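If you're matching them up, the sequences are chains A and B in order. Note that the first sequence ends on residue 331 in numbering that gives the first Met the number 0; no numbers are left out. Note that the second sequence ends on residue 331 in numbering that gives the first Met the number 0; no numbers are left out.
Everything hinted at is true.
Restricting the straight-line Cα-Cα distance to at most 35 Å, the calculated cross-link-like pairs of lysine-lysine (DSBU-like) are:
#1 B:K138 - A:K266
#2 A:K29 - B:K329
#3 A:K297 - B:K97
#4 A:K298 - B:K83
#5 B:K135 - A:K99
#6 A:K29 - B:K83
#7 A:K135 - B:K83
#8 B:K297 - A:K187
#9 A:K298 - B:K266
#10 B:K266 - A:K286
#11 A:K286 - B:K297
#12 A:K187 - B:K228
#13 A:K187 - B:K138
#14 B:K286 - A:K266
#15 A:K286 - B:K187
#16 B:K297 - A:K138
#17 A:K83 - B:K29
#18 A:K187 - B:K298
#19 A:K83 - B:K298
#20 B:K298 - A:K266
#21 B:K135 - A:K138
#22 B:K138 - A:K29
#23 B:K135 - A:K266
#24 A:K297 - B:K99
#25 A:K242 - B:K187
#26 B:K286 - A:K99
#27 A:K135 - B:K99
#28 A:K83 - B:K286
#29 B:K329 - A:K138
#30 A:K83 - B:K266
#31 A:K99 - B:K266
#32 A:K83 - B:K138
#33 A:K83 - B:K329
#34 B:K83 - A:K297
#35 A:K135 - B:K187
#36 B:K138 - A:K138
#37 A:K187 - B:K286
What the hints contain is simulated information worked out from the structure, not anything from laboratory work. None of the values given here were measured: they were computed from a predicted structure.
2 protein chains.
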Amino acid sequence: MGTSAEKRREAFIGIDLGGTNIKIGLFDSKLELICKTSVRTEADMGPEVVIDKMAQTVKELLADGDLSMQDVVAVGIGTPGPAKYSEGILISTTNMPKFKDVPICQMLNERLGAPVVFDNDANVACWGEHAVGAGKGVKDMVFFTLGTGIGGGIVSNGELLHGCDENAAELGHMIIYPDGRPCNCGQKGCVEAYASADSTARRATEGLEAGAESSLQEVLDEKGKITSKDVYEHLAAGDKLAKEITDGTAKALAITCINMLHNTEPKRIVFAGGMIAAGDVLLNRIKDFFDEHIWALKKETVEICFATLGEDAGIIGAAALARHTEQRGKSK
Amino acid sequence: MGTSAEKRREAFIGIDLGGTNIKIGLFDSKLELICKTSVRTEADMGPEVVIDKMAQTVKELLADGDLSMQDVVAVGIGTPGPAKYSEGILISTTNMPKFKDVPICQMLNERLGAPVVFDNDANVACWGEHAVGAGKGVKDMVFFTLGTGIGGGIVSNGELLHGCDENAAELGHMIIYPDGRPCNCGQKGCVEAYASADSTARRATEGLEAGAESSLQEVLDEKGKITSKDVYEHLAAGDKLAKEITDGTAKALAITCINMLHNTEPKRIVFAGGMIAAGDVLLNRIKDFFDEHIWALKKETVEICFATLGEDAGIIGAAALARHTEQRGKSK
Chain A
0 MGTSAEKRRE AFIGIDLGGT NIKIGLFDSK LELICKTSVR TEADMGPEVV IDKMAQTVKE
60 LLADGDLSMQ DVVAVGIGTP GPAKYSEGIL ISTTNMPKFK DVPICQMLNE RLGAPVVFDN
120 DANVACWGEH AVGAGKGVKD MVFFTLGTGI GGGIVSNGEL LHGCDENAAE LGHMIIYPDG
180 RPCNCGQKGC VEAYASADST ARRATEGLEA GAESSLQEVL DEKGKITSKD VYEHLAAGDK
240 LAKEITDGTA KALAITCINM LHNTEPKRIV FAGGMIAAGD VLLNRIKDFF DEHIWALKKE
300 TVEICFATLG EDAGIIGAAA LARHTEQRGK SK
Chain B
0 MGTSAEKRRE AFIGIDLGGT NIKIGLFDSK LELICKTSVR TEADMGPEVV IDKMAQTVKE
60 LLADGDLSMQ DVVAVGIGTP GPAKYSEGIL ISTTNMPKFK DVPICQMLNE RLGAPVVFDN
120 DANVACWGEH AVGAGKGVKD MVFFTLGTGI GGGIVSNGEL LHGCDENAAE LGHMIIYPDG
180 RPCNCGQKGC VEAYASADST ARRATEGLEA GAESSLQEVL DEKGKITSKD VYEHLAAGDK
240 LAKEITDGTA KALAITCINM LHNTEPKRIV FAGGMIAAGD VLLNRIKDFF DEHIWALKKE
300 TVEICFATLG EDAGIIGAAA LARHTEQRGK SK
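Assemble the whole structure, with the sequences as input and the hints as a guide.
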């Protein structure tokens, strides 16, 4: 048994820094949530103020959990980039225009005293699923978030894969239909241009505009737009256009799964993001198309599944990354 | 300065085990070739005889180099799989039907005494280029062999990426045209079905059969078939069909480069195999299509180039892998 002082240092902080809210979670050494909170980012106040507030909120959360900074082994933080993650520098981020080349790890470390690790939001969520969610127990995993766009993360041999300039796993921008639908990134035929929540909704709208008969027409007429949620609701009700659109999404994702299998060879492929609310109707179609299009050279055993951590993936993943980085450091 | 005995142990053996020939190279600690040889595999004699012969040839080669097994730090061997590489077991290999579940590392180690490391032929060639060839100096690289099929290798953060069942980097079977040309693997639209040497030649033949006017028709009439070499020769002479076919090959490879960039984010992408004899006319078209199809979000600096090790890539890579595995073992 260690001393009392040693025993106390076993908490981890996970921070999910978004343009609107800062979510902060306090976790024990098994990554069980002790307590969490959320505050407005107020990004227009600039990085000094935001990071002051972040540090203050961490301290208040610790007090709520009857702990202090002395109990915190490390802090993890996730944000959208681009960033020099390994150097702890946030280069810029769309929703926080005043954040330019911010040494976010150093600034937070100066205020809190604990080591701070930093990665992009998709990698952080990927790592959370790997540590305690749908990717638990495998060393090789691929992760997709299906939201406005499609984000990605790769775990290879038990570590996040970062690439030469820390921009690896931009998996939404793998081209699956050369010269296909335009993507916001400037490429054509990216999987994101077919299978994100936004693209799914847009393809449905285009289907109606092209004259397809569908119960979705009423939604468009009433609300002026269609969401991916509408598509899945009308699919459940047997709408033919909704089925076509869902099949297009599922096929694009299945082809991408096949390409990842032949690439980093994951044992598990995990989908997250708002669109997984569609449930088995989407997951099963992805598996159908995967089985239909995969090679015959050998039977593949990759598991395709949905994420399990939900809204807390960002704070869990950030805390998990902090814990992993500390453990790896000690094993060196 | 170490003792004399320590100083002598600085040689590495690289073995390229193919269905027809066994190539063996003896290298110094800087991976400079001391001497090499090639003997017939005679695979139908079965694994015991073949591995006896392999060990005997290694000893003869060492004698030629005025060295002995005492000078050999480690032995590397590359073959086509499938195999359990980390366990040293060759499961099977198309051109050597008598090789079934052969514990090749153990058998060779028993005969030679030195540690033996083992990987598939594409990974070995990739590692050779990474160590001393076109991929030297970068930690993240992607490698393609353009031959009968398309093989691949990925170096991520300075290590070969193997995947959950050691079948990662089957990059020829990434699907770039869903429902496109049938591939030998059973999938449709693989990059291999467009851009291997065989597929390039086949697409040219199909072009003629479809009525294209081309100087390649004479080749087909005379020889009964077209090779990729013919395509590039007639491209140089200004043939229009040859240009179309080359563009199809280059575009397929460029899309694949883009997909790898968004995936493991290599600093360098290296093409090897017989087809790179085409030279700059092919390389420049790949770069053209890459520039045309890559995203606009940021400028990419990935270098696309041809391999430099040529025919000896297999033995150099095997020796390099042996050296790397030994060095990594020591650093643990």
